[in-house]
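Undergrad: Listed below, chain by chain, are the residues.
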Amino acid sequence: SQTIHQWPATLVQPVGSPLSLECTVEGTSNPNLYWYRQAAGRGLQLLFYSVGIGQISSEVPQNLSASRPQDRQFILSSKKLLLSDSGFYLCAWSVRGARGTEAFFGQGTRLTVV
Amino acid sequence: GDSVTQMEGPVTLSEEAFLTINCTYTATGYPSLFWYVQYPGEGLQLLLKATKADDKGSNKGFEATYRKETTSFHLEKGSVQVSDSAVYFCALSGGSGGYNKLIFGAGTRLAVHP
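Read top to bottom, the protein sequences are chains A and B. Residues 1 to 114 (the numbering used here) are what the first sequence spells out, left to right. Residues 1 to 114 (the numbering used here) are what the second sequence spells out, left to right.
Isolated chain A, as found in the complex (with noise of 0.2 angstroms):
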């Protein structure tokens, strides 16, 4: 069976600090693979997805970037953290291409920037 992982749970960074959150994905091939971010108040906000290996969309312009450095592997990260970035990350993964697939989401990263 599939299985995503996601860390790490809680995150306290500094203003200014870097930011590097992975999501890896088991039990499957060529998944498609997300970052959302869910801010207090504002739903949640599809970030960068990918269907690829070194293949991103970025959706919102911002302070954050994203890689994909292997078929099962996506990493969130920033240089210098604002305090904006603050919020629930969420990771997750679905099949490529296919009709009506549904997403399967990790159990998310609560980052605080103070």
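Calculated from the structure, these hints are not laboratory results. Treat the hints with caution; some may be incorrect.
Taking CB as the label site, the calculated pair distances span [unchecked claim]:
id	chain 1	residue 1	chain 2	residue 2	range
1	B	VAL82	A	SER67	28 to 34 angstroms
2	A	GLN73	B	TYR39	26 to 32 angstroms
3	A	SER57	B	TYR30	42 to 48 angstroms
4	B	SER58	A	SER77	37 to 43 angstroms
5	B	GLN45	A	TRP7	18 to 24 angstroms
6	A	VAL60	B	SER79	36 to 42 angstroms
7	A	ARG110	B	THR5	24 to 30 angstroms
Sample of chain A residues lacking proximity to chain B, with all beta carbon distances greater than 10 angstroms (derived) [as the list claims (entries may be wrong)]:
id	residue
8	GLN2
9	TRP7
10	GLN13
11	GLU22
12	GLY27
13	SER29
14	GLN45
15	ARG68
16	LYS79
17	GLY97
18	ALA103
Looking from chain B toward chain A, a few residues come up when the C-beta cut is under 7 angstroms (computed) [as the list claims (entries may be wrong)]:
id	residue
19	TYR39
20	GLY43
21	LEU44
22	LEU46
23	LEU48
24	LYS49
25	SER83
26	SER85
27	PHE89
28	ASN100
29	LEU102
30	PHE104
31	ALA106
32	ALA111
Since we're looking at a predicted model, the values are computed, not measured. C-beta atoms are modelled at their ideal positions from N, C-alpha and C, and glycine is treated no differently.
We have chain A already, so just place chain B on it with the hints.
TA: Just chain B now, kept in the frame of chain A:
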């Protein structure tokens, strides 16, 4: 571009009340539509889905019908329970971004009281 609009919450109901959460979408082509649920402190999980017009998705007493003429996918349940308290997200894929892009509405928080 594609978008999903949900009714603002929070929605507060007494146990056994009837629930409706409105969702409308804007998308080209024939998107697939989803409802996801997020219980407190957890990631998202699929509640139900529909992949073509007039399809009805159902699960755990919840149901929603894909209405292409009104571009809607309203979530309903005849008798809510305290355990249904959660945040509900409407989502779509298969619009202009293709099947690989999954976008969500802002979410509607439901609180059910005994």
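Undergrad: Please go over all the hints and tell whether each is borne out by the structure.
TA: Hint check results:
1. A hinted range of 28 to 34 angstroms for the beta carbons of B/VAL82 and A/SER67 is inconsistent with their spacing of about 42 angstroms.
2. Against the hinted window of 26 to 32 angstroms, the Cβ-Cβ separation of A/GLN73 and B/TYR39 comes to about 27 angstroms, which satisfies the hint.
3. Restraint check, A/SER57 to B/TYR30: a C-beta distance of roughly 21 angstroms breaks the suggested window 42 to 48 angstroms.
4. The hinted range of 37 to 43 angstroms is satisfied by B/SER58 and A/SER77, whose Cβ atoms lie roughly 40 angstroms apart.
5. The hinted range of 18 to 24 angstroms is satisfied by B/GLN45 and A/TRP7, whose Cβ atoms lie roughly 19 angstroms apart.
6. Our hint of 36 to 42 angstroms for A/VAL60 and B/SER79 holds, since their Cβ atoms are close to 39 angstroms apart.
7. Between A/ARG110 and B/THR5 the CB atoms are about 27 angstroms apart, so this pair conforms to the stated range of 24 to 30 angstroms.
8. Annotated as non-interface, A/GLN2 keeps its C-beta farther than 10 angstroms from every C-beta of chain B; the closest such distance is 13 angstroms.
9. For A/TRP7, the shortest C-beta to C-beta distance to chain B comes to about 13 angstroms, beyond the 10 angstroms cut-off, and the non-interface label holds.
10. At roughly 21 angstroms, the least C-beta separation between A/GLN13 and chain B is larger than 10 angstroms, which holds for a residue marked as non-interface.
11. Residue placement check: A/GLU22 keeps its beta carbon more than 10 angstroms from all beta carbons of chain B (closest about 16 angstroms).
12. With a cut of 10 angstroms on Cβ distances, A/GLY27 stays outside the contact zone with chain B, its closest approach being about 17 angstroms.
13. Against chain B, the non-interface label of A/SER29 holds: every CB pair exceeds 10 angstroms, the least being about 15 angstroms.
14. Interface exclusion of A/GLN45 from chain B breaks down, the closest Cβ pair being 8 angstroms apart, not more than 10 angstroms.
15. Listed as a non-interface residue, A/ARG68 keeps its Cβ farther than 10 angstroms from every Cβ of chain B; the least gap is roughly 13 angstroms.
16. With a closest Cβ-Cβ approach of about 26 angstroms to chain B, A/LYS79 is found to remain outside the 10 angstroms limit, as its non-interface label requires.
17. Listed as outside the interface, A/GLY97 is inconsistent with that label: its C-beta sits roughly 5 angstroms from the nearest C-beta of chain B, within the 10 angstroms cut-off.
18. With a cut of 10 angstroms on Cβ distances, A/ALA103 falls inside the contact zone with chain B, its closest approach being about 5 angstroms.
19. Among the interface hints, the one on B/TYR39 is violated; its C-beta lies about 12 angstroms from the nearest C-beta in chain A, farther than the 7 angstroms criterion.
20. Against a cut-off of 7 angstroms between C-beta atoms, the interface hint on B/GLY43 holds, since the closest Cβ of chain A lies about 4 angstroms away.
21. Look at B/LEU44: its Cβ gets to within about 5 angstroms of chain A, closer than 7 angstroms, so that hint holds up.
22. Against a cut-off of 7 angstroms between C-beta atoms, the interface hint on B/LEU46 holds, since the closest Cβ of chain A lies about 4 angstroms away.
23. Annotation: B/LEU48 was flagged as interfacial toward chain A, and the flag is violated, the nearest CB pair being 10 angstroms apart, outside 7 angstroms.
24. With a cut of 7 angstroms, the hint placing B/LYS49 at the interface with chain A holds, because the nearest CB-to-CB distance is about 6 angstroms.
25. Using the Cβ-Cβ criterion of 7 angstroms, the hint placing B/SER83 at the interface with chain A is not satisfied: the shortest such distance is roughly 20 angstroms.
26. With 7 angstroms as the threshold, the beta carbon of B/SER85 stays out of range of chain A, its nearest partner Cβ sitting at about 17 angstroms, so the hint is violated.
27. Given the 7 angstroms rule on beta carbons, the hint for B/PHE89 holds: about 6 angstroms separates it from the nearest Cβ of chain A.
28. The restraint placing B/ASN100 at the interface with chain A holds, with a minimum CB-CB distance near 5 angstroms, inside the 7 angstroms limit.
29. Because the closest C-beta pair between B/LEU102 and chain A is about 5 angstroms apart, less than 7 angstroms, the hint holds.
30. Of the supplied interface hints, the one on B/PHE104 holds, with its beta-carbon coming within about 4 angstroms of a beta-carbon of chain A, less than 7 angstroms.
31. At a threshold of 7 angstroms, the smallest CB-CB gap from B/ALA106 to chain A is about 3 angstroms, leaving the interface hint in force.
32. Violation of the interface hint for B/ALA111 is found here, the shortest Cβ-Cβ separation to chain A being roughly 16 angstroms, above the 7 angstroms cut-off.
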